[in-house]
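Participant: Chains as they are written, first to last, in the working numbering: chain A, 14 to 401; chain B, 22 to 439.
Be aware that a few hints might be false.
[Stated by the list, open to error] Lysine to aspartate or glutamate pairs mimicking EDC-like chemistry, simulated, CA-CA at most 16 Å apart:
{"no.": "1", "chain 1": "A", "residue 1": "K36", "chain 2": "B", "residue 2": "E330"}
{"no.": "2", "chain 1": "B", "residue 1": "K433", "chain 2": "B", "residue 2": "D315"}
{"no.": "3", "chain 1": "A", "residue 1": "K36", "chain 2": "B", "residue 2": "E234"}
{"no.": "4", "chain 1": "A", "residue 1": "K26", "chain 2": "B", "residue 2": "E330"}
Hints are computed from structural coordinates only; laboratory data are not their basis. A quick note: this is a predicted structure, and the numbers were derived from the prediction, not measured.
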Amino acid sequence: MSQSLDEITLQLKRRHRQSRLMKWLSMGALGLAGLFLVFFFTDMLMKGLPAFQQAQIQVKAHYSEQASKMPPAAVDEDIRDLVSRGWLRLIPRQIQDQPKLLGTTRTEWVLADGQVDQYLKDHPNRLSEDARARVDEMVAQGRAELRFNLRFFTSGDSKMPELAGIMAAALGTVWTMLVTLVIAFPIGVMTAIYLEEFAPDNRLTQLIEININNLAAIPSILFGLLGLAIFINFFGVPRSTPLVGGMTLALMTLPVIIIATRTALRSVPDSIRHAAFGVGCSRWQVVRDHVLPLAMPGIMTGSIIGLAQAMGETAPLIIVGMVAFIPDVGGTITDAATVLPAQVFTWSGEPDRAFVEKTAGGIVVLLAVLIALNATAVLLRRKFERRW
Amino acid sequence: MQTHYLLTLFGGALSIMALSAFFLGRAKAARERSAGRAMSAQPDQYAWFAVIATVGPALTVAAMGAFLMLLLQARLATGYLLTGSLAIAAFGLWSGMRQVRPNFHARRAIERVIRWALVASASISILTTFGILISIVFEALRFFQLHGLWDFLTGTVWAPGNSFLSAAGRGGDSQSAAQFGSIPLFAGTFLITAIAMLVAIPVGLLSAIYMAEFAPRSVRTIAKPTLEILAGIPTVVYGFFAAITVAPLIVDIADHLGLDASFNNALAPGVVMGIMIIPFISSLSDDVINAVPDSMRQGSLALGLTQGETIRDVVLPAAMPGIISASLLAVSRALGETMIVVMAAGMRPNLTANPLEEMTTVTVRIVAALTGDQEFESAETLSAFALGLVLFVVTLALNLASVLMIRRFREKYRVNHL
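With the rest of the complex left out, here is chain B:
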């Protein structure tokens, strides 16, 4: 409450200073100009410069101070910090007013400040990547100190079991040791991804071929946004759909065929995920196929190939890098997909190739580890970050490969809009 009060006070004082900087600066510049001196900028620009000089340094100091306080875990100095910033603001106001001189280029100064502000916001995206990397790597390293990297990568049993007890200092000999072998999780992830790709790549690619090569214009203008709807449906909705509608359907069908299927089978989330991914593949493939130069089609048709042969033997090979790029992106999306598998796939790690059995994935375990009641320091919680690290590395590699592929295509056919 105290801090809220202080912050309100600080904000109010700063706003008043900024306002007075604006009006004083403008008045002074107008006075100078009406006195007949040639000014190198407009009065408004001087006013804005004064405002920037007042607010900018003060806010920077306040933010840096708050950050330092956070690093040093000090909480007492808030009042001093804000008072200090206000003093700096007052100094800024004074010096800003002094700068209202005929030979000062206020517009250029504003330009420089804006440029730096733009650079700062552009760097936030880089900071985000670093933030993800740092947050994952540090916690993952802590996990690997508890459980070896080798065991993690090659173990076939994932049983976090009682690791929270040992974290609480009660890990006796009677408990079975927690095991973190990630192979069953990755096997589950890859199986579900493979099912998704088996659905998404044929349907997506064929849809793209139809839209780009066969469809009349009217169908195209309707079909493309309609397919995009599939991409806009929230994943939690797909998850519900997979769990409530598709999974029982699959169990019924399997029953008819005399097979035994679990309600948490891997097929349901796989198929639904594939449907979700169709637009990713169809949209990008459509763009790529459209970017294949028409001269190639004309040449092929002139040689007597049918339309189907032209597509199969000329257009698709030319578009292949783009299609592979789209598929790689789709795989990366499927690997990281969370809600569908959390809701429709199982929780139990299971090393099997039977898609009708229950199995779990990397993302399911991440969610399970971080939503339980465990202590943050427990090995199970930390294991989420280790899994996250692997996920990050794999998807990063896929994304980069995808970018390289599409770049090759772009350079070959000199397309700029992809």
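Chain A extracted, bound-state conformation:
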């Protein structure tokens, strides 16, 4: 077992090298994850940002008698194929609504066809050589350009990419989240209060606790099966509606809110409770007037995070049918609806290449909302967090 000093020095060097290697390796792993994040967000932004712009072209629109019967007649023949058919289709109705328009010719900026839009953005497109030349000429004359795509934020779904927007889905998301919040927040907070403040430590309580932890880890698609079999088939809640979607998501969000609320309640020191009991409060009064207000920031943070999670959820909603095609903005909690992630899913399945951009645009909006929600949660926590 005798080793010379040199050998030991060498050995030591090797061991330290191994140690450093481990450090660099683990650093590299973290760097890899960070690198992926950067790659992912750049990719999404590169793909999604063009969706916020839309090609428009300047045309002479003839609101003639003929155009009210046959809309394509409203524009000159040489640019007819460059104008969005969705816009052309609306001409008869426009003339009907405003009879003054009839017989006039106006120079207007109108929506260009989806292919022109893709051409101007240098994306793959199906424009013919001839049409490309004409578009190039119009660009040179300043009669065709990319403008901010307001329609993307204000209209519902459409089979024509240049007309499709996220408003209907956004509204569906708002309704669904409202239902989710109204159901999950009170029930979740009450459950947590019971478990933390009221429940005796017995078998039943332990069962509930294990059960909640387990619910938090059940695949979300199984909640969809529950929604389908129990809410839709048994209780007869109308399919595809924010009501049934919200109820399903509420059950999924429940464990998140319960666990967050319990942590918040537990962080309130017992001295507060003792003081309140000491001046004669009943248990409920202690909770309502002293513990709950102090725990509120933590509860809000947890609920917002749970809500953000529910907002990005798609699988259970597909099962309960919330992937409907909703061209009109509006509708209530008992009308068929779709939500933002489901809209993203529907668009991603469209064969038209122009929808890739729309999908990524929808994703950018969704991610922005989610990041804003999570940032709010973090800020809330920073602002109100109290160390006892």
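For this one, chain A is given, so just place chain B on it according to the hints.
Facilitator: Same frame as chain A, but now just chain B:
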């Protein structure tokens, strides 16, 4: 429309009764008190008790009645039911007012009611689990009556084929019989899960080691929330990313290497799913490694081990139950993941070990079966529930094993916050 009208009427009447209960109760209690009698509760508490007595039983009866009607499929009695509930509310109002007496402990009574309300909401989480179990088991049993359990578990061909025709009574001899052998689906699921774990466990664990053992405080405070962003990205977004960006990339690379890859290859969803799961593993492992007592590190360093050796030979073995627990949770999450595979993996069941080929998973088939145009009674639709049952059982087992592991760790090192 009729029901909406009735419900509005009912709600309005009940609100008015509740309001009058509150104000009448408070007025009566105040009168009693100003008459000089010693009351055992505050006027507001009597008022609230009166409100509870008015609304509580009425709502309970209305809800129970609605549930019964649903069970018996009766639709006519809504009006009677609501009128009955209102009568009960009126009775509740009257008895609530009678209870405004000096020797009645309104506060304690409220306390009892609240306690029951809390118990009721706590039981909803249990009901949810039962709901999932019941909804899946019953439909799955119906499926197993049509197609045997043994065939389902051991068959190697998944071809729902024309089962919807036979459900519609048109199943002739000419059609090939539908086959529901789930092995190809499970093989696909496990392969994709394995790929995900190959990405997630090394990266997640090493990140956790770096954050817990090497990183300076400033890096840690930034890195942890940044990694959490990965967990917050919706799965549908990952699915799009896998299908549009990663899959073509893999096909390109495979082309360069002279391999043939499908655009629906299993590698793309597997890798992306692995990235999604990194924070699950890193976050929990980080907590566990931090919970390993410092005395163990100090002892090891004092014996002359390098930092790397301390981590490898002392910290990691001590943290192993927690790390395994995190990995089990991650596996359960990967098995049940739906959107990534729906969007990026294939639809065609394919029994192969080549990750560059197209294959499908359990969750993909569940979604496919339930979003098609089939009759609900058809074998294909019901098969979704059979697949769901297996998924439920497997993930439940994994979750429970994970809980047991982490409990062992917690007891060994007396950590309470995990």
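Participant: Can you confirm whether the C-alpha distance between A:K36 and B:E330 stays at or below 16 Å?
Facilitator: holds, 11 Å
Participant: When you check the alpha-carbon spacing of A:K26 and B:E330, does it fall within 16 Å?
Facilitator: holds, 13 Å
Participant: For B:K433 and B:D315, compute the direct alpha-carbon distance and say whether it is at most 16 Å.
Facilitator: holds, 14 Å
Participant: Checking one constraint from the list: CA of A:K36 to CA of B:E234, max 16 Å. Satisfied?
Facilitator: Roughly 9 Å separates the two Cα atoms, so the pair holds.
The structure is consistent with each of the numbered hints, conforming to all of them.
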